[in-house]
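Use these hints to put chain E onto chain P, whose structure you have.
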Amino acid sequence: MATPPITKPIESPATVITDATCTFCGCVCDDIDITVKDNHITDAKRACVLGKSWFYGHAADDRPDCLIEGQPASVAEGVERAARILTEARYPIVYGLSDTTSEAQRVAVAIGDAIAGTVDTTTSVCHGPSGMAFQGVGEVTCTLGEVANRGDLIIFWGGNPAESHPRHFSKYSLMPKGMFVPNGRKDRTAVGVDVRKTKTAKAMDLFFQIKPRSDFEALWTLRALAKSVEVDPEQVKRDTGIELSRWQDLMDRMKAAKFGVILFGMGLTMTRGKHLNSEALLSLARDMNAFTRFVVKPMRGHGNVTGADNVVTWQTGYPFGVNMSRGYPRFNPGEYTTSDTLARGEADAALLVACDPMANFSQPARERLQSIPYIALDPKETPTTRSAAVAFTTATYGINTPGTVYRMDDVPIYLRPALSSTHPTDLEVLSAIHRRVTELKK
Amino acid sequence: MTERFILIPGRTSKQGCGVSEGKFDRVYQQEITTLQVAPADMKRMGLANGDRVRVTTESGRQIDVAVTAATGDELPPGLLFIAYGDLSSRLMDGETHGSGMPTSKGLDVTMEKLS
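If you read the protein sequences in the order shown, they are chains P and E. Residue 311 in this note's numbering is what sits at position 56 of the first sequence, and the numbering runs on without skipping anything. Residue 1219 in this note's numbering is what sits at position 99 of the second sequence, and the numbering runs on without skipping anything.
Extracted from the complex, chain P is given alone in its bound form (with noise of 0.2 Å):
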């Protein structure tokens, strides 16, 4: 009796993808090493935990590449469709772009011109409030190369960047040895401004944990101090619940630093008070340049929102929250702002870039959203691809696509991607939107 063939599973060798990018958050950490086997990624060495969980949980997706009504659809038809309704609506918005590439970020912005439409990103959700300051006062800006090899006192102000950004403090805020911090941790103090005693809080030197809603006060008192006005210890304590003297304290080792760096989140553009909050911290960096070196950062949640806004900003004169109904871009936030134009009622058709709106807008944006029609591309199923018009699979950037990302200090980091993926990129079905309603508004 003949003995059967010994059957072994022939095994494709791994591949290493050496610095390639991670683009879950504003970090954009270029030094990754993605080890990829059978087109799955079974490495990501250096990635933190929301990295690893980015690179693993990035497998293609199996649903098809489009969606129309719930129903399989092929690409094109799916094209079509999202250009009729864009160029069939009166108040058409673009919306999201935070997750994908500046090329395809720039194709959507000249669809939003296109159908003379409002072009608006997730920053408008985010440090929009940040970006509203910047006009009114400027940004005392660095890279976090310069923060890495120059800081040494560093604040964090109302984020909590241990749980958002795991590797900001060991690749460019607090551990690393740099130029003029030769021994790393020891050559700084690190600063924490929080209402809540957080994971961030407890890796600081000093932690100032104030009243909830008082950033405001707790930045005019040390503006205050920052020129030698006087102020009143009670209500600084009333206000902040902190005692003058350590404000005092903090001051003195502020004017007393080589390098000043602050770099804030987003508990203070979501919390009442706003932009105003985000125009007291840059007024507080910019007064500091009277006595030393001081810079302030927004820390940036999505991988590429930094693009947006500078890819937005490239095309129209404005970061986000741009309407282009009369043929040249406006800008008002309050007015041109997805949250707004949803909750008023007035958009009556959408483009969703990478975002989900259905899961993080207030009630009345969403019942707003679920009532027109709207096109979604995303890599994942979300809240807002379930209930689209059209909803395409789009390939994951980074992982699966080239391009352009920018980190969150505004420096461009060109992506290395590491598996191929079936669905269509981003970039792919805006420029075929883009052309379809071209055509169609000729």
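Hints listed in this document are in silico derivations from the structure and should not be mistaken for laboratory results. Hints are supplied without guarantee of correctness; some may be wrong.
Stated by the list, open to error - Per label pair, the in silico range of CB-to-CB distance: (1) 1168/E - 434/P: 52 to 58 Å; (2) 545/P - 1142/E: 48 to 54 Å; (3) 545/P - 1170/E: 52 to 58 Å; (4) 568/P - 1218/E: 19 to 25 Å.
Stated by the list, open to error - 25 Å max Cα-Cα, derived PhoX-like pairs, lysine-lysine: (5) 307/P - 1163/E; (6) 1134/E - 454/P; (7) 1233/E - 454/P; (8) 466/P - 441/P; (9) 426/P - 457/P; (10) 1134/E - 635/P.
Don't be surprised by glycine CBs; every beta carbon is placed ideally from N, CA and C.
This is chain E only, laid out in the frame that chain P set:
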């Protein structure tokens, strides 16, 4: 018993991982549907982990949600925390006060234990 609190929605590592793993998966859903309460407030209101409460904003927006005690001294008494997501967004108003951003942190709310 109904008491007044300030609610701070925010990011967490688990919520961030859940975004990549899938928004309909268990990890993400559990993270965004759990309200963190300071241990002292839990004790005073007779709450145990897993109990359900009703949170209501000044404008009447309302969610029912399970509670868990916040770790250590992360939350001072009087402050509530929930990971960003569907439930936290349901408490936001449409009004942005000319900023484009609905007030989504530092919300005045009441919390009531559901039997």
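* Checked against the structure, which of the hints given earlier come out wrong? -> 5, 7, 8
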